[in-house]
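Asker: Each chain is listed here by its residues.
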Amino acid sequence: SQKIEQNSEALNIQEGKTATLTCNYTNYSPAYLQWYRQDPGRGPVFLLLIRENEKEKRKERLKVTFDTTLKQSLFHITASQPADSATYLCALEDSSYKLIFGSGTRLLVRP
Amino acid sequence: DAGVTQSPTHLIKTRGQHVTLRCSPISGHKSVSWYQQVLGQGPQFIFQYYEKEERGRGNFPDRFSARQFPNYSSELNVNALLLGDSALYLCASSLAHLVARINEQFFGPGTRLTVL
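Listed in order, the protein sequences are those of chains B and X. Residues 1 to 111 (this note's numbering) make up the first sequence, in order. Residues 1001 to 1116 (this note's numbering) make up the second sequence, in order.
Honestly, the hints are just simulated from the structure, not real lab data. A portion of the hints provided could be inaccurate.
[Claimed, not checked] Calculated lysine to any residue pairs in the SDA-like style (CA-CA distance at most 20 Å, straight line):
#1 B:K3 / X:G1040
#2 B:K57 / B:L70
#3 B:K3 / X:F1060
[Stated by the list, open to error] What follows is a set of in silico ranges between Cβ atoms, one per label pair, in the way DEER data are often shown:
#4 B:E60 / X:L1116: 41 to 51 Å
#5 X:L1095 / B:A10: 25 to 35 Å
#6 X:T1014 / B:E52: 43 to 53 Å
#7 B:N7 / X:G1016: 34 to 44 Å
#8 X:N1077 / B:P40: 19 to 29 Å
#9 B:Q2 / X:G1016: 32 to 42 Å
#10 B:E15 / X:T1014: 39 to 49 Å
#11 B:E60 / X:A1002: 17 to 27 Å
#12 X:L1116 / B:K3: 28 to 38 Å
#13 X:N1077 / B:A10: 30 to 40 Å
Using N, Cα and C, we set each Cβ at its ideal position, and we do this for glycine too.
Work out the full structure, taking the sequences as your base and the hints as a guide.
Answerer: Right, dumping it as structure tokens:
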């Protein structure tokens, strides 16, 4: 069956450290993968999109990698801050026009 | 510029009733998608509309329906409400068009539906 898996356990790290979140998928062949941030009670906010032919994408303190062989994307936040605390969702397209989300990983950054 | 707006923000209904949720996309966006999000889960795709036509449908029963209007706003209708329909309903707009793959989605704040 098709699955997108993100670590359901919260990631708790110290301010200033690098947070690394994982997104694994099975039985999909996505052309690209997206990452979103969601704060409690609010809609997700788009962060980054990485295409299948891109190994890595960066935006300020954010970095995303995409390994189509491992069927995995890693999302990194460097020099993390308490304001980075949120739930991070990965998403991919399964077939035309259907965006499928993982269940998200909650990140807690301690001051 | 205004972002995606949704109304109402909160709604309480009883089992068996129906509900209509509304969404206005970002100006210039012709694609609107609807998602259901239950606590602790990611958004689950319900529908996508582009130029007033349904482009995609998720695994939801026929009690769920939607439409898009000429001004690109959209409505999601749910009939015969069940307790399990309680969730945050999210609308998202994007620049996606017929021949392009899905672009980034811009989400609204959602409508919190509680079914008693």
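Asker: Now look at each hint and say whether the structure bears it out.
Answerer: Verification of the hints:
no.	hint	result
1	B:K3 / X:G1040	holds, 16 Å
2	B:K57 / B:L70	holds, 17 Å
3	B:K3 / X:F1060	holds, 18 Å
4	B:E60 / X:L1116: 41 to 51 Å	holds, 44 Å
5	X:L1095 / B:A10: 25 to 35 Å	holds, 34 Å
6	X:T1014 / B:E52: 43 to 53 Å	holds, 47 Å
7	B:N7 / X:G1016: 34 to 44 Å	holds, 39 Å
8	X:N1077 / B:P40: 19 to 29 Å	holds, 27 Å
9	B:Q2 / X:G1016: 32 to 42 Å	holds, 33 Å
10	B:E15 / X:T1014: 39 to 49 Å	holds, 46 Å
11	B:E60 / X:A1002: 17 to 27 Å	holds, 25 Å
12	X:L1116 / B:K3: 28 to 38 Å	holds, 33 Å
13	X:N1077 / B:A10: 30 to 40 Å	holds, 36 Å
Every hint, counting from the list given before, is met by this structure.
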